[in-house]
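Novice: Can you build the whole structure from these sequences, using the hints too?
Protein chains: 2
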Amino acid sequence: MTGIPLSDIAAGLSFDVPFVPPEALERARGRAFRARLGANESGFGPAPRVIETIRRAADEVWMYGDPEHHDLRAALARHHRVRPENVVVGEGIDGLFSVAVRIFLDPGLAVATSLGAYPTFNYCVAAAGGRLVTTPYVDDREDPEQLLALAVRERARILFFANPDNPMGSWWDAGAVDQLIRSVPDGMVLFLDEAYAEFAPPGTIPTIDAENSRVLRFRTFSKAHGLAGARVGYAIGAAAVIQVFDRIRMHFGVSRISQEAALVALEEQAYVQEIVARVARGRERLALIARSSGLVALPSATNFVALDTGRDGAYARRLRDELLARDVFVRMPGVAPLDRCLRVTVGPDPDLDLLAQVLPEAVAAAA
Amino acid sequence: MTGIPLSDIAAGLSFDVPFVPPEALERARGRAFRARLGANESGFGPAPRVIETIRRAADEVWMYGDPEHHDLRAALARHHRVRPENVVVGEGIDGLFSVAVRIFLDPGLAVATSLGAYPTFNYCVAAAGGRLVTTPYVDDREDPEQLLALAVRERARILFFANPDNPMGSWWDAGAVDQLIRSVPDGMVLFLDEAYAEFAPPGTIPTIDAENSRVLRFRTFSKAHGLAGARVGYAIGAAAVIQVFDRIRMHFGVSRISQEAALVALEEQAYVQEIVARVARGRERLALIARSSGLVALPSATNFVALDTGRDGAYARRLRDELLARDVFVRMPGVAPLDRCLRVTVGPDPDLDLLAQVLPEAVAAAA
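Protein sequence lines correspond, in order, to chains A and S. Quick note on our numbering: the first sequence kicks off at 78 and runs consecutively. Quick note on our numbering: the second sequence kicks off at 78 and runs consecutively.
Keep in mind the hints are simulated off the structure, nothing from the lab. Every residue gets a Cβ at the ideal spot worked out from N, C-alpha and C, and that includes glycine. Hints are not guaranteed to be accurate.
Chain S side only, calculated, beta carbon under 7 Å to chain A, not exhaustive [what the hints assert, rightly or not]:
{"#": "1", "residue": "142"}
{"#": "2", "residue": "223"}
{"#": "3", "residue": "226"}
{"#": "4", "residue": "325"}
{"#": "5", "residue": "332"}
Reference listing, derived: stretches of chain A covered by chain S, where coverage requires no fewer than 3 residues with Cβ under 8 Å from a Cβ of chain S [what the hints assert, rightly or not]:
{"#": "6", "region": "262 to 275"}
{"#": "7", "region": "332 to 341"}
Specialist: Dropping the structure here:
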C-alpha cells in the first residue's frame, strides 16, 4: 500500500468481508440457486400492500427521502409505546451498528461479545478501532453472566448480546435479559440485538424501558417484515443517546421508497403474525426433514434453524458445499463448536421441498 | 450528557445538521410546497424504464441486494472505460464520503476545503475527528491554487474540490482541474466531487486516469439520473484505494431496488442527454425570471442556479423566507459572501411558472 496515506485504523484492517453473498456464489458457479435459505431473509415476502406501496412510490424516487424519518419514527414510537425521540432509523441494523459503535467507542477500547456471534458487528468494531474480547457460547447459547464478567474485567465500553441469537437461534427469557440490563455498570452500554424479536415466544423480549441510557435495542424490517433488500432498521434508546446519532449518521441514507415500505409493513401486523405462524410451522417441518437425514434441529426462536450434524466443522462444511452444489443456498456458523451446525432459513414450502429432496443426497455425498 | 460514555469524537460534535429537509419545513408550516426547487433533485424524474424497473423489482425486496454491486460496477466500468476494480458503489456520495474520510483521516489531521462548500462533507470530516481548514471562494468559484497552498501549508490529508461546484454552480475547465490533480503531493488525496458532471459543458471534466491513487472522483445517480431518493453514488479511484472501502463500508447498505434502478438509469444515456438539454433551457428561463425581479443568475454548469440578490445575507434570507411562504422551496449558501445568493434548482416548467409568479411578490415583500 506504499504511497497511499491510509488512516492508522484503515491500515490495520484486514480484507475479511463478513458475508459472501449468494450472488457471488452464483457467479462463481455460473448457475442460480433454486432455494435461497442462507441469509435469513423472508422468502414469504412482505405484505401485498407493501409491494403495492413500493410500486406506487416509484414515481417519487427523484426526491430525497425525509432524513428525519418523521412518519416512520412516529409510527414506531406508537407501536412500541415510546416517544419518537427514543427512535432512530438507519440503513438496516448494520448501518446503525456502524454509527452506534462510533458514538461510544474510542480506539483501543474493548467490546465484549460471544465467540461466533454476529460478524458484521465485529466488523464495525474493527472499523472503529475497537478491541474485541469474546467469551464462548455455552450449550449453544450466549452466556450473559460470563459476557458481563468479561466486559467488566476488560472495562468494555460496549457489550453485545443478541436475543434471540444468530447464528444459533437460541434465546433467553425476558427475566434473564432484564437481569443483564440491570447489571450493566457505569461507563458501559449494552447493544441488544433483537433482529429476530418478532419470532420469539412470549416472555422472551423484555419490556422496553426507553429512557434507560445503558441499553440500545436494535430492530429491523429485514426479517419478519420481509424487507431485507430495503435496508431499514431502527434502534430504541434514551432520547439523550438517540440524539447523538444525529451527529454522525448519514441523514439521507435510507431510500425514500424503503421508508414508505417500512411504514406500511409496520401497519400490517396481522400479516407479520401470519408470517410468524408460518415460520413456526416451517421450523417444525425443517426439524423433520433434518431428522430424516440424521441431523438434529436445535430449538429456535427465529426464522432459521441451526441443524446439528453431530460431527465437526470440516464435516459441516462439506455438507454445506454439497447443498450448495445442489442449488440450495445455506450458511453455517464461523467458529467451533458452533460450526458443527448448518444454519438454514425457514422458507416457503417449495424451498423446503427442494431441501427435503436433496438433503439425503448431500448427506450421503458428504460422508 | 452525564452518565453516557460517549467517544471523545462524538462528545465533541455539535448537533448541527447539514440540511433541514423540505419535509420538516412542510411539517412546521402545516402545508406542502407547490414547487420543490431547493435540493437540486431532478423534478423531471428518471427515465420511464427506470420507474418500470422499480415496479418490477418490488417483488424482490425480500432479498438483500448484492453487496458486491457486481452488475452495476461492471456497467459503470464500461461506461467510464475503467475496470470494475476502480469503482465502489455506496449509499449516495454522502455515504461514500463518510467511508472515504475514515479511510484516510486520523483524528486531528487537516482537511482543506472552500469556505461555504458542501456541508455534508464537512460533517463527515467532523465525525471522523478531522480538522477542517478553509480558504474563501474567489469570484464565486473555488480557488484551486489557494486551496492547494492551504492544504500543503496545513499538511492536509484530504483536499476537497467540487467541479462543477455546489452551491454556486461555477466550474473550472479540465485543464485547471488536471493541474490540481497533478499538484497533489505525497501523503494527500484529492476528493473530486463531480456530482453535477453530466450538466457541465464539454471540456469541464478531466479524463479519468483511474490508477492515479492521489484522486478519488465521486459521482451520483441523484442528479441527472433523477434517483435522489434511491441513494446510489459511486467513486472511481485506483484499485488499491477502492479495495480499502471493502474494509469499512457497509456491504449491504444499498437497497436492492436502487441497484437495479441505477443500472437501468445508466443505460438510458439518451434520456440523460435529454435532461441535460432541458436543464440548460431551464437555466436560461430561470435567468430571465430572475432578471425580471432584479436578480442576476450566475453562470452555472449544474442543474441549479445561484441567483445573486446584489445585497447581503440578511436580505437573501428574507427573500428566501418570502419564497418559502409562497410555497416555493429553495435554499441558499450558508456563509458570506456566497449567502447574498439564493440557490434555485432547475425544475419542470410548472415549477418555474410558479416561481415566475411569486418571485416579484417575494422581492417586494423582502424589500
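Novice: All hints, please: hold or fail.
Specialist: Verification of the supplied hints:
1. Given hint, residue 142 of chain S at the interface with chain A, holds; its Cβ is 5 Å from that chain's nearest Cβ, closer than 7 Å.
2. A hinted interface residue such as residue 223 of chain S counts as satisfied when its beta carbon comes closer than 7 Å to some beta carbon of chain A; here the least separation is about 22 Å, so the hint is violated.
3. This hint is violated: residue 226 of chain S has a C-beta 19 Å from the nearest C-beta of chain A, more than the 7 Å allowed.
4. For residue 325 of chain S, the interface hint holds, since its Cβ comes within 7 Å of a Cβ in chain A; the closest pair sits about 5 Å apart.
5. Taken as an interface hint, residue 332 of chain S checks out: its beta carbon lies about 5 Å from the nearest beta carbon of chain A, inside 7 Å.
6. Counting residues of the region 262 to 275 of chain A whose C-beta lies closer than 8 Å to any C-beta of chain S gives 4; at least three are required, and the coverage claim holds.
7. With a cut-off of 8 Å between beta carbons, the region 332 to 341 of chain A has 5 residues touching chain S; three or more are needed, and the interface restraint holds.
Hint compliance for this structure: hints 2, 3 are broken, all remaining hints hold.
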